[in-house]
Structures are given as structure tokens and as C-alpha cells.
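Colleague: What follows is the residue order along each chain.
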Amino acid sequence: MYPSRFNYESPKTIEEAIALLTKGNGEAKILAGGMSLIPMMKLRFASPEMLVDINNIPNLNYHRVDADGTFHIGALCRHSDLEKSSILAQHQPTLAATAPLVADPIVRNRGTFVGSVCHADPQGDWASAMIALDGMIVAQGPKGRRTIAVRDFVTGPFQNVLASNEIAIEAIIPATTGTRFGGYLKLERRIGDFATAGVAVALELSGSSVIRAGIGLTGVGSSTVNATDAAQSLVGSPLTSEAIERAADLAAQAAQPRSDHRGSAAYKKQVVRTFVARILTEINSTKTKAA
Amino acid sequence: MTSLYEEVRGDQPGEVPVRRVSIRVNGVNRTADIEPRLLLAHFIRQGLRLTGTHVGCDTTNCGACTVLLDGKPAKSCTVLAVQADGHDVMTVEGMATASELDPIQEGFKDEHGLQCGFCTPGMMLSAKALLEENPNPTEDEIRWALSGNLCRCTGYQNIVKAVLWAAEKMRAQAGK
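Residue numbers (my numbering), protein chains in the order written: chain S, 1 to 291; chain G, 1 to 176.
One chain only, chain G, in its complex shape (with noise of 0.2 Å):
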């Protein structure tokens, strides 16, 4: 698999820097050679074809190409996929396994925590990575740590309604 820029590809062999990378994104380790100036976000969407996870401003404002680089969220657009290199990606193709959805994808479905979903990705994994540390947040907490995530159809009311949602259905099932 060739994850280079197709831009690059007139070079003549050996002028372009190259490094071999081992990123394991969503537990299967992927190995490529890339340019360093490769974004992760790019080694995600046309490299691995993971196409979930958006590009929005592309200037690290909106928060739709938020990963999870060992558990933290990420914005991808601003990490250099050499620098993910060893380390562990999720994206939202991570999120669900093949009969079940995730709870906060199952809240977003139930709450209407979406429109347009562009945001979306985004959003359930910084609200992941916040579940993870704090299962019992409150409203304030929410919309705290979804603050680097932009949404410019829901006005968040129901993103937030969302993310109570599965946080209950996740400490329910802890409790079983």
C-alpha cells in the first residue's frame, strides 16, 4: 500500500523523503512508507480509505477529524502521521463491532444528535475519550469537553442529550 501524495509521484526516486510507519488504527497494525509531511488525517482517509473520519476547516478549529491517539482525542489534521508512528489510532470505524453499535452511536441514533453528520465522527470520540475518564458527567461536563468539536446544525442540544444517554446505558451495563 502506497500512501504518498499522488502529487509527488512526477519525483524523480530519491528526492523525496520517505519513512517506513507502523500505526495500529483500530487494533490491526498498518504499516506504510510516507513522506513526513503526510497528516495523519490524510494516512487515514486515502491511505487506509477510513473515509469516517472528516476533514472540516483543515486548520485545527472544527474538531471533525478527531482521533484517538492512545485513548486522547486528536485532531489529525494537526499530527503528522510519522508522529503517530508506534502509537494507537481510533477512528469511528473503531467504534462499533460487527453486530453492535457503540452506545454513544446508539445515543446519537436515539437522541437525534445529528443533521448533516459531518461532525459526528468527531464528536463520539471526544465524547468516548470523556466517558472513559469521567462515566457519570454532568451537562456542563459534556458540553466542556466537546468544546473543540464544532456543529453548526444541532446547536449541540441534542449532541449533549446524546452523550447523557450513553453514558447511562454504559454505567447500566458496568453494573450488570
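So that you can see chain S by itself, here it is in the shape it has in the complex (with noise of 0.2 Å):
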């Protein structure tokens, strides 16, 4: 298989890639990794006329924490990057548990983050832990820069806000007040294969008490779910078994899966439900450990 007959070109700088982007006219698409793009476009399902390369553009591979707390994620830093920081680890648990479930180790050599989170995929795992964080992307056009929470950002399967000629350089985690926990669980049926159901939970802990909660859902709806009730109902108490037990279950209610070859809906709801559970039993063993 091979794509059809495209346009190539790979600028130095952003600006040059939006001018692309913008005489492309709509019928332009950004090549940074290309492990979903590629595929898509070998296998027909996409045709653009133009290929904007941006892997030639400098300082766009980085991950930081900034001084107040933020943490950045460029459009060119891989997935393997990720799995092997130590500043994640450090940082952003949900995200540490995510980056070595992506995919396989040889598509983590070149997938990106930013990629991945807007390809949209609602099989995506960087979604789901975006979604839990509160995370943002920038996005660049011609008349400048843009910041959109993640949960705006996806409109829906393969779909995101970004206009034809912005390209998202950056992916924002909001600073935490308190102390942050997380974890990502997926179940699939070997590496590399889309998820049956995966599961992103991002907390932050104030003493024992959650003082912020987000859970994101992977494969079981028409995009990422963001399990807002069951997060919510986490929020201003301690991880009691009662509070694990209903957020799971409120979490399992807000999953929308279809019956396919991976599984029944009923099977990926329990899915669900023992994943919220098991992260957030794990982390209240950690905590206690810590403490």
C-alpha cells in the first residue's frame, strides 16, 4: 500500500508551516510523527494534497516544568521521550503510567504527544490522561496564539477545533496546589492493539482529602468520556473504600461502549469500573505509605 500523489514540504520555522498551511487552503495536513497519518493515508481514509513536515522545525522537542508549576509538552516530543523522563515520573504520575502503554515501543520511537491529542482518536491514551489533568493545548495561526482546555478541544471522532492553518505547537498541565497522584490502566488484547477499554485518573490530595479529581475514559465512547460525576464525587473527602467504590460505579455509568470484537458493553463497563477502583485503591496505599 502507499499514499496518494501529495505535495511535500518541510519548513524550518512555524510561521513558515502556517503560510503552508494557510495556501493549502484545507486540503493540507501536518505531518509530525506520523503513526496514525500515515496509516490513514496509505490505507485511503485520508488524502491530503499537501504534506506540511514539521519535523524540521527546531525547538519543538522539549518537555518542562516551568517555575510556576506548569508543565510543557512540545509538538515534537515522542512518546519514548515521555516513557523515559525522569521529570515525568517525577511530576506527572497519570501521564508516567500512560507514556510505555502507548501503542508499541517502535511506534513510541516517533509518535508525538501533541500529535496523538489531536488526531482525536477516542482510542487514544494521551487523551483520556489529558481529559483527567485539566490539560490544554496551544494552537498557532496567522494571527497568533490560542490556548483550548483539552475537553473543547475534541469536537468528536478524529475531530478537533483547530482551524486549517493553526498547528498545535505545545500541550499545557495546569500547576497543582496540592499533592498530585495518578494512574492510567489499559486493557488490550496484546501490545499495540487499540484498547477494550482504558482508564486516566489524575487527584490532587490537600492532607488526605481530594481537593481536585479527573477521570478520562479510552474506547468507550465516540470520544474520549470525561467522567465528570464520578470525579466529582471524589472531591472533598478522603479515599475511603465507600468513595472508591462510587466513583467507579459512576464512572462505569458514564462509559458509552459498543459490543465488538474486543468485548460486550457490559464487559467494558466492568472494565471500567474495576480500573477506577484499582487506581484509586493503589493510590490510597501509596499515600498511606508515604505518609
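Worth flagging that the hints you see were computed from the coordinates, not collected in a lab. As the structure is a computational prediction, the values presented were derived from the model and not from experiment. Only true hints are included.
With a Cα cut of at most 30 Å, we get these calculated DSBU-like pairs of lysine-lysine:
(1) G:Lys109 with G:Lys169
(2) G:Lys109 with G:Lys161
(3) S:Lys12 with S:Lys143
(4) S:Lys42 with G:Lys72
(5) S:Lys84 with G:Lys169
(6) S:Lys12 with G:Lys72
(7) G:Lys161 with S:Lys84
(8) G:Lys72 with S:Lys84
(9) G:Lys169 with G:Lys72
(10) S:Lys84 with S:Lys287
(11) S:Lys42 with S:Lys12
(12) S:Lys23 with S:Lys143
(13) G:Lys109 with G:Lys72
(14) S:Lys12 with S:Lys84
(15) G:Lys72 with G:Lys161
Label pairs and their in silico Cβ distance ranges:
(16) G:Thr97 with S:Arg64: 38 to 46 Å
(17) G:Cys153 with S:Lys12: 44 to 52 Å
(18) S:Ser259 with G:Glu139: 31 to 39 Å
(19) S:Thr22 with G:Asn134: 42 to 50 Å
Derived list of chain S stretches under chain G, where covered just means 3 residues or more per stretch with a C-beta under 8 Å from a C-beta of chain G:
(20) 46-56
(21) 97-107
Heads up, the beta-carbon is just placed ideally off N, CA and C, and yes, glycines get one too.
Dock the two chains into a complex; use the hints.
Modeller: Written as C-alpha cells, this is what we have:
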């Protein structure tokens, strides 16, 4: 298989890339890691007239914590960079748990975090983590930059709010006021397969009390599911076993899975329930050990 | 050398976008005019006639087409050849010297790490990247590193043994 014919551009600056996208007038696509775009082009699900390869634009491959506590991930930061990152392990438990479960090790060498979020696949792991963390995407277009919350960024399966001449240049995870805890669990038939179901949990605790919670669900809806009721039920009280059970039930209710070859809808809801409970129980025991 | 697809030859000149690329493959600079849609796997196999790189699933699943791109495993069916312009590619043909097999190749031979052999080039290159980074991997670390490469014959057992064998030999050589 090979893609249909396209023009290829490899700009050296973001401004140049935006100019090319403007010229492409909706028929140009950005190529970052290409781990979703190139297969889609080979299968002819996508046939852009122009590819704007951003891999030669310098200073986009980074991830860092700023002095204000915000965490920044550049457009060319690869999954494998995050998987091996000690900064990520230290500051972002939800993302650190997600990184090794994205696709397979070879795909992780090229695929990018920001690209994965933009691709807006309901099966995307990072989107769930970003939803749980209230993450944001910074987009740059001809008129400058804007910041969009990921929950508003994704509008449906494979759809986001970017204009055809905007580039997502960075992802931001807001600073925390409490202590951050989190996890990600995914059930897959084999490594590299799409998730049967996945669960991302991000908590902030002050003492033993939950002051912020986010839960994102992978592969159990037409886009990433933001289990807000489940998350809200945790806020304001300690992680008791009753609270954990209630949140797990609410998350399972928020899931809208379809029965398919990976399992029945009821089974997938049960997986969500189990994973939420498992992550929260694990956080509870880690917290107790730390204290 | 041309590595355009055969089916574009009937087109009128000028209609086909062409770019000149220079890719260092197994230490040798290869320069060619190619269509941007040419995949790295096809550049290597049809353009350079290096057929050790196999195309298996063609959908980014199986890892048979794995090459090292700047030292890191990449699925060459999912990389455009133009993206490798100015970069370094290593295929299975680059592993052995004229007189000597790579220890990883020896390991696959000694430990019967292959049956049909289709996945083997990709397996060995993933293993090579692992051992560069981690000369003394555990069995779990090997299985994890090779989890993007599928084998439908061996059940993986002897592949893991082969990599352990190679790791031991490479450590012994380095210790000398």
C-alpha cells in the first residue's frame, strides 16, 4: 500500500509552516510523528494534497516544568522521550503511567504526544490523561496563539477545533495546589492493539482530602469520555473504600461502549469500574505509605 | 538510480512531485530523486534492492519492516523516504561484516531464534537498539523491547534466548 500523490514541504519555522497551511486551504495536513496519519493515507482514508512536515522546525522537541508549576510538552516530543523521562515520573504520575502503554515501543520512538491528542482518536491514550488532568493545547495560527482546554479541543471522533492553518505547538498541564497522584490502566488484547478499555485518573490531595479529581476513559465512547460525575464525587473527602466504589460505579455509568470483537458493552463497563477502583485503591495505599 | 514507482512512469513529466534525497544507508550515502509518497520500506527494497527489510502487515502492526533510523527502531512502512533525507538508516544488511556475523545474528542462529525468518530482520534490529542502550537486559526487558515485533512461528521463547545469548557475548567482548 502507498498513499495517493501529495506535495511535500518541510518548513524550518512555525511561521513558514502556517503560511504553507494557509496556501493549502484546508487540503494540507501537518506531519509530525506520522504514526496515525501515514497508515490512514496508505489506506486512503486520508488523501491530503500537501503534507507540511514539521520535523525540521527546531525547538519543538521538549518537555519541562516551569517555575509556576505548569508542565509543557512540545509538538515534537515523542512518546519514548516521555516514557524515559525522569521529570515526567517526578511531576506527572498520570502521564508517566500512560507513556509505556501507548502503542508499541517502535511506534513510541516516532509518534508524538501532541499529535496523538490532535488526532482525537477515541482510542487515544493521551487524550484520556489530558482530560483527567484538565490539560490544554496551545495553537498558533496567522493571528497568533490561543490556548484551548482539551475538553473543548476535541469535538468528536478524529475531529478537533483547530483551523486549517493552525498548528498545535504545545500541550500544557496546569500547576497543582496539592500533591499529585494518578494512574493509567489499559486492557488490550496484545501490545499495540487498540484498547478494549482504558482509564486515566488524576488526583490532587491536600492532606488526606481530595481537592481535585479528573477521570478520562479510553475506547468506550465516540470520543474520549470525561467522567465528570465520577471525578466530582471524590472531591472534598478522603479516599474511603465507599468513595472509591461510588466513583467506580459512576465512571462505569459514564462509559458508552459498543459491543464488538474486543468485548461486550457490559464487559467494557465492568473493566472501567474495575480499573477506576484499582487505580484509586493503589493511590490510597501509596499515599498511606508515603505518610 | 530511480526509485519512483513503476506505475507513475506513464505520467506526463512535471506532473509528479519529485524530491532529491540523500540517505545514509548502512554507512553509504544514497542519493535519489523520489516521489514524496514513496515509503522508506519501498525505497530500501525496490530502490536499493536491499530485500532483507521485509514488509509484513503494511499497517504499522507487525514490525517486520523495522530499520534503525538514527539508531532507533522505526517501522519503515510508516515512514516516508523523504523524512529520512539527511538521516542515517541501518538495515539488517548492515549488521554483519564481510567476515563476521553480528553477535545478535549468531545468537539467533545458535539458539534457533527463527523458523520462517520473516520477522527476524526486524527482531534483530530491535534487539540491537535494546542492547546498545542496555547491555545486560532481563528477560522481561527483552520481551518488552521486542513487543512491537510480531512472530507467528516461534512463540518468542527462542528469540528471547537468542538476545540473552548475544547480550552475554557482547558483554564478554566488551570486557576483553
